[in-house]
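Chains A and B supply the protein sequences, listed in that same order.
Using our numbering, the letters of the first sequence correspond one by one to residues 1 to 229.
Using our numbering, the letters of the second sequence correspond one by one to residues 1 to 264.
The hints are simulated quantities; they were obtained by calculation from the structure and are not laboratory data.
All clues given are correct.
Over the 10 Å line for every Cβ pair with chain A, so calculated as not near, a few chain B residues: (1) Glu14; (2) Pro16; (3) Leu22; (4) Leu23; (5) Leu37; (6) Leu41; (7) Pro127; (8) Ile232; (9) Ile233; (10) Val236; (11) Trp243; (12) Lys247; (13) Tyr251.
Ranges between beta-carbon positions, derived for each pair: (14) A:Thr5 with B:Pro167: 25 to 35 Å; (15) A:Gly96 with B:Val254: 45 to 55 Å; (16) A:Val29 with B:Arg245: 28 to 38 Å; (17) B:Leu23 with A:Gly94: 45 to 55 Å.
C-beta: ideal position from N, C-alpha, C; glycine also.
The lines below spell out each chain.
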Amino acid sequence: MDPITGMIGIIIGGIIVGICVHFIPASAVGAMSASTGIATGPSMLSTGCGLAGLYAAGYMIGESLPIVVLSGAMGSALMIICTMLLANTICAFGTGVAPVAGSYDKDPITGWRQKPFMSPGTDGHSMPTTTALSGIIGALLGGAGGSLVFVSVYEMISPILEPTTAVTIAGMVGAGVFLINCVIPAYVLVGKSEGMTDKKMKLMHKTFASCLIVSVITAVFVYASVVVI
Amino acid sequence: MTTQPSEPPAEKKEIPNYKLYLLAVITGIISYFIAALNPNLSFISIILIWPAFIAAAGCVEFLCRYGLGTGTSSIGYWGTACGATVVFASQFIETTVYSPFLEIAIATLLGYAAGFCANKIIKMKIPRIELNSAIIAGSTGIITLIVLEILAGGTGIAGTTVYYIYPVMYIGIALTVLHPYNGNLGAGENQTRTLMLAMCEAALLTALFGFIGILLPNTPFIPALGMLIISIIGFVIFVSIWWKRVKEEVYEVVWAGYPAGVDH
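Take these sequences, add in the hints, and give me the full structure.
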C-alpha cells in the first residue's frame, strides 16, 4: 500500500468509526433499566468493540486487506453480541423487565408490540430485536473502520520498522484514532442512543464533518512523518 | 450596641489554565533536552513533566463544570488520545532538535481541531473548549514524549523496544488526567486541591513508569531508578500537602445531645 492510499485509508476508517457510534445502543440510565441500550456511554461501548476488533485484526495482519478488515469487524461484532446477550439476560431474569424500545410502537423486524411491556416512567429497557441488530451493524462498522486505520498505518510504516514494532505502533495509532473519533459522536448523542431507530441518526452529518476534519489532520501527520520527515 | 458583620473571606483567584500550559511547555522542553543530553539526570526531567499533568487536569476540571454530554472520562481519554497518538505516530521520525517542538505543536493542533469541531459543528456551546482540549492534548503529548525519551535512555525512541509499555502509558496518563476531578468533589471543587491531587497521581504514575523501567531488559537502569526514587519522594510530599488542603474545609463534629458523662 503506497503512503497516499494509506492516508486515505486512515481518513475513511476514522469516519466509519465515528458513524458506527450512532448505531450502538447505549445509555447510562440503562443501568437502572430506565432506558433502552447497554448500561454505559456510547463512546465507552464503541471503544470496547473497536479495541476487540483491533485485537482480532492483529491476528490476521500480513493477510490481504479484506481479510484483516473482516476479521476486525467480526471480533468487534462478537464482543457486542456477547455484551447484549448478557445485558438482556440480566434484565430479563435479574431485574424482571422485557426488552422493549421507547422509539417505536412495534418492532420493525418481529412486529412485536413495545409499549404495553414498558415500565411506567422509563424509555424502555435492554435491547429488543431491531435495537440489537443496530448494535451488531454498529460494531461491524466500528471494527472494520478501526481495522482499516490499523492496516493503513501498518502498511505505511512496515517498510521502515521491524514487524513487531510496526504492529505495536500501528495498533496504538489505530486505537488512538478510534478513541478520538468515537468520543466526538458521543457529544452529538448526548450520552444516549437507541441505535438506528433513534431520532439522533438525523444528526449524523455533524459527526461526519467533525470526524472528517480530525481524521484528515491525523492522517496528514502520519503521512508526513513517514514520507516527508 | 451593634457589631459590624465581618466581611466574608475573599475567594482565591483560580490560576488560568493557559498559564499552567505555558509553564508545562517550557518545563517540558527543558526536560526533553535534559533527558536527551544526559540520561543520568532524568530525575530532573521527571520533576519537570509534573506541570503538564496539572495543566491537563486543570482543563478537565474546567470543562466538566459545564456538564459534558458524556462524562469526565471521555474528555480525559479523548485528549490523551490526541496527544499520545501524535507521539506514538512519530516514533519513527529521526530525533532532531526540532522533535519536541513539532510533536507538541501537532498534538496541540489536533486537540484544538477536535475542540473546534465539538463547539462549532456539534454546537456543544461549552466556553473555551477549543483552548482546553488543545491544552489537554498538548500536555499529554509532552508527558508521553518525555517518559518515552527517559526510558529510551537518550538514544532516541526508535533505538529501544519500549513499545511493550505503550498501552500502560496510555491508560495511566488518561487516568491521571481525568481522575483528580472525579476524585475530589466534582462541580465547584476547589481548583488548588484538585490540582494537588493531580500532582499526587502524577508522582504515583511516574513511580510506576520508573518501576517498569527497572524491570524492562532494554531500558537503562540508572535513569529508571532515579525516576522511581524521585517520584516516591514527590508522592509523599504531595500527599501530605493535599491532605492538609482536604482538612482545611473539614469541620469538627460537636456532640449536640446529652452532656458527656451523664447517664441516658
